[in-house]
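**Student:** One letter stands for each residue in the lines below.
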Amino acid sequence: MSKILEINNLHVEFDTYGGTVHAVRGLDLAVQKGETLAVVGESGCGKSVSFQALMGLLPMPPGRISSGSANFQGNDLLKLKESEMRPLRGSQIAMIFQDPMSSLNPTKKIGDQIAESLIIHKGMSKRDALKESLKLLELTRIGEAPKRLNQYPFEFSGGMLQRVMIAMAIACKPQLLIADEPTTALDVTIQDQILALLKDLQKEYEMSLILITHDLGVVARMADQVAVMYAGQIVENGSVDDIFYRSAHPYTLGLKQALPNSQEGKSAQLIPIDGSPPDLFSPPKACAYAARCPMARKVCLEKAPLIFEASSKHLSRCWLQHPQAPSHPELFCGERK
Amino acid sequence: MIEIKQVSKHFHLSKGRHIKALDQVSLEIHPNEILGLVGESGSGKSTLGKVLAGLHPKTMGSIKYKDETLPDNYSAKDFLRLSKEIQMIFQDPYSSLNPRMTVGEIIGEGLSLRKVAKKTIQEKVHAWLLKVGLHPDHASRFPHEFSGGQRQRIGIARALIVEPKFVICDEPISALDVSVQAQVIQLLQKLKNDFGLTLLFIAHDLSMVRHISDRITVLYLGQIMEIGPADQVFFHAKHPYTQKLNSSNPLPDPKREREQPTIQVDNSEIPSPSEILRGCPFASRCPHVSQICKTERPELKNIDNNHQVACHHLDKIN
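Protein sequences appear in the order of chains U and E. Each residue of the first sequence is one higher than the last, beginning at 1 in the numbering used here. Each residue of the second sequence is one higher than the last, beginning at 338 in the numbering used here.
FYI, nobody ran anything at the bench for these hints, they're computed from the structure. Backbone N, C-alpha and C fix where the C-beta goes; we use that ideal spot for every residue, glycine too. Among these hints, one or two may not hold up.
[Said to hold, decoys possible] List time: in silico DSBU-like cross-link candidates among lysine-lysine, alpha-carbon distance up to 30 Å:
1. U/Lys-147 / U/Lys-3
2. E/Lys-342 / E/Lys-452
3. U/Lys-256 / E/Lys-468
4. E/Lys-461 / U/Lys-147
5. U/Lys-313 / E/Lys-592
6. E/Lys-527 / U/Lys-256
7. E/Lys-468 / U/Lys-147
8. E/Lys-592 / U/Lys-33
9. U/Lys-256 / E/Lys-592
10. E/Lys-592 / U/Lys-203
11. U/Lys-108 / E/Lys-352
12. U/Lys-199 / E/Lys-592
13. E/Lys-529 / U/Lys-256
14. E/Lys-452 / E/Lys-387
15. E/Lys-461 / U/Lys-3
[Claimed, not checked] A short, non-exhaustive set of chain E residues, derived as facing chain U with CB atoms under 7 Å:
16. Asn-583
17. Ser-585
18. Asn-586
19. Asp-590
Let the sequences and hints guide you as you build the complete structure.
**Tutor:** Take a look at the structure:
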């Protein structure tokens with residue numbers, strides 16, 4: 001497998017009247033060809049901002065990419081000029097947004113909106129582009145596709161609009177699809193349909209998929225790899241089984257314990273994570289999670305944690321099991337390497 | 338404790354068309370239980386909550402609270418009297434708190450309307466701020482200074498300060514992050530036990546509803562499809578709609594998700610509630626549909642102790 005996207009040390013900041021918000025603080029991430037990477041985290045952890053920055057969709061100012069690189073097929077996306085980004089965005093890399101209602105143009109027909117990227121990126125004539133749009137709509141399993149081409153977004157339900165968004169995104173057969181909370185606004189039965197559709201299209205087109213979500217159920221259903229984000233950093237990164245069954249970071253563990261279990265007859269108490277995420281105007285110098293972490297030790301409040309390799313592909317940003325943590329044996333809960 | 342009989346709520350659109358948001362719903366809520374109410378958007382679950390709280394006048398049917406039949410249209414007096422018994426916690430912690438009132442005024446409003454002495458109100462507000470995990474100093478602040486989870490706590494304190502017996506929680510956690518959801522759920526469970534409350538818990542997150550509820554009611558297009566003990570409905574659903582909901586619900590467990598048989602995905606949409614429906618509302622999406630489903634409305638049948646299902650083909654399906 002080869003890497004399709006590699007992000008290194010991405011920092012995104014926002015200048016506001018109250019000071020600088022450090023929204024993304026050193027993001028490292030890689031996506032392999034054809035696999036699904038889920039990026040999980042709570043609101044404000046920087047998961048959406050990271051990928052908006054990557055796509056050049058961040059309003060700057062107030063946003064600012066202060067350092068980092070993002071290698072996509074030999075190009076550093078963060079260094080590209082807008083004119084160089086254009087042929088990539090929507091063609092090689094496509095994006096689906098959370099709220100399809102506000103992401104589509106309410107005054108243009110659905111068919112024209114899908115055709116737009118084909119005309120721009122592929123140089124198709126309008127007629128061919130509309131024909132292709134019909135095929136794409138049928139691919140997303142929308143009922144009565146020919147009729148739908150000539151309708152406007154307000155005539156569609158939320159689930160149907162999300163299908164239109166997907167049709168637009170896959171129009172140019174992108175190699176990487178970034179889906180930012182694609183099903184959060186939808187009912188479960190419709191979510192089920194959209195997730196199945198994404199899975200099928202991904203297989204057919206051999207796309208890589210980055211799925212940004214806060215729903216661990218969706219992650220379990222869709223992901224190969226998972227990155228857990230907290231306060232602008234990835235705190236744990238590994239295969240979906242590593243993350244769910246061999247969680248190495250206390251935050252991941254906390255998220256899991258805050259969810260109801262699904263075993264008949266047993267209903268364990270939910271264990272909430274106390275406190276709230278740190279203020280990103282002045283993020284803590286040491287571990288960002290230490291203030292809420294039930295396993296925090298002295299070192300967690302003093303020194304930024306190094307990356308601990310639980311296995312070659314399972315990384316955790318935590319002192320708990322790290323061999324280089326100051327050696328007070330009583331500080332450790334996990335096994336030492 | 339509450340007996341809902343054949344309650345319907347119609348909303349009128351233009352030209353004599355109307356939406357049947359609730360269609361002959363009958364339901365009992367027992368004292369001291371948590372009844373979960375699930376359904377997709379447009380199923381009428383919020384409408385039912387608002388009808389129970391008197392915020393929507395009902396079109397037909399009757400609701401009995403304890404031994405009293407509740408009025409169809411609440412007068413100001415009815416609200417003052419009944420809001421001491423029945424309270425509601427709202428979904429959106431951002432729009433449900435008046436931004437120009439301090440938190441102390443918001444929480445204490447129910448008492449000041451009842452002419453309680455200022456001093457007593459202040460003391461009670463402070464006590465309730467502590468009970469919901471906030472600080473008494475917060476009383477002088479405004480809602481915008483709080484996070485979503487904290488606002489929901491304010492909403493809970495506001496509802497409970499008048500010491501109601503029955504509380505309607507309308508999607509109290511769906512706007513919150515996972516870790517905060519657990520905080521609010523834990524708080525609700527604790528308060529329920531401390532004060533012997535009866536709760537109607539409306540949500541669309543099946544796993545969470547199953548976790549907190551004693552019984553679950555499944556609503557679809559304004560009609561009850563299935564009602565029964567939480568585990569029965571979650572693990573041994575009998576109605577094809579409930580079965581569909583359950584299999585759609587993604588579980589945070591990759592192994593179980595992988596093992597789940599891939600059933601043929603259907604791509605049906607939820608019909609608009611303004612369409613006039615005869616027969617079973619689920620007929621247009623049901624894999625077991627037959628002629629009778631399209632013409633005759635199935636009745637809720639007892640299949641077990643407290644477990645009722647509205648489906649023509651129960652024997653065939655299960």
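**Student:** Take the hints in turn and mark each one as holding or not.
**Tutor:** Verification of the supplied hints:
A hinted pair counts as satisfied when its Cα atoms are at most 30 Å apart, and U/Lys-147 with U/Lys-3 does not qualify at roughly 40 Å. Of the supplied pair hints, the one linking E/Lys-342 and E/Lys-452 is violated, its CA atoms being roughly 35 Å apart against a limit of 30 Å. Using a Cα cut-off of 30 Å, the hinted pair U/Lys-256 and E/Lys-468 holds, with the two alpha carbons roughly 26 Å apart. Under the criterion of a C-alpha separation no larger than 30 Å, the hint pairing E/Lys-461 with U/Lys-147 is inconsistent with the structure, at around 61 Å.
A distance of roughly 19 Å separates the Cα atoms of U/Lys-313 and E/Lys-592; the hinted pair therefore holds under the 30 Å criterion. For the given pair, E/Lys-527 sits about 21 Å from U/Lys-256 by alpha-carbon distance, which is consistent with the 30 Å threshold. About 57 Å separates the Cα atoms of E/Lys-468 and U/Lys-147, which puts this hinted pair outside 30 Å; it is violated. Taking the CA atoms of E/Lys-592 and U/Lys-33, the gap is about 23 Å. The hint holds against a cut of 30 Å.
A threshold of 30 Å between alpha carbons decides the hint, and for U/Lys-256 with E/Lys-592 the separation of about 15 Å falls inside it, so the pair holds. Between the alpha carbons of E/Lys-592 and U/Lys-203 the distance comes to roughly 20 Å, so the proposed pair stays at or under 30 Å and holds. Between U/Lys-108 and E/Lys-352, the direct Cα distance comes to roughly 29 Å. Compliance with the 30 Å bound is thereby established for this hinted pair. About 17 Å separates the Cα atoms of U/Lys-199 and E/Lys-592, which keeps this hinted pair within 30 Å; it holds.
A C-alpha spacing of about 25 Å is found between E/Lys-529 and U/Lys-256, which places the hinted pair at or below 30 Å, so the restraint holds. Between the alpha carbons of E/Lys-452 and E/Lys-387 the distance comes to roughly 26 Å, so the proposed pair stays at or under 30 Å and holds. For the proposed pair E/Lys-461 and U/Lys-3, the alpha carbon gap of about 60 Å is over 30 Å, so the pair is violated. With a cut of 7 Å, the hint placing E/Asn-583 at the interface with chain U is violated, because the nearest CB-to-CB distance is about 9 Å.
Residue-level restraint check for E/Ser-585 holds (minimum Cβ-Cβ distance to chain U is 4 Å; threshold 7 Å). Interface hint status for E/Asn-586: upheld, as the beta-carbon distance to the closest one in chain U is roughly 6 Å, under 7 Å. Contact between E/Asp-590 and chain U, as hinted, is supported at the beta carbon level, the nearest pair being about 6 Å apart and thus within 7 Å.
Of the numbered hints listed earlier, those contradicted by the structure are 1, 2, 4, 7, 15, 16.
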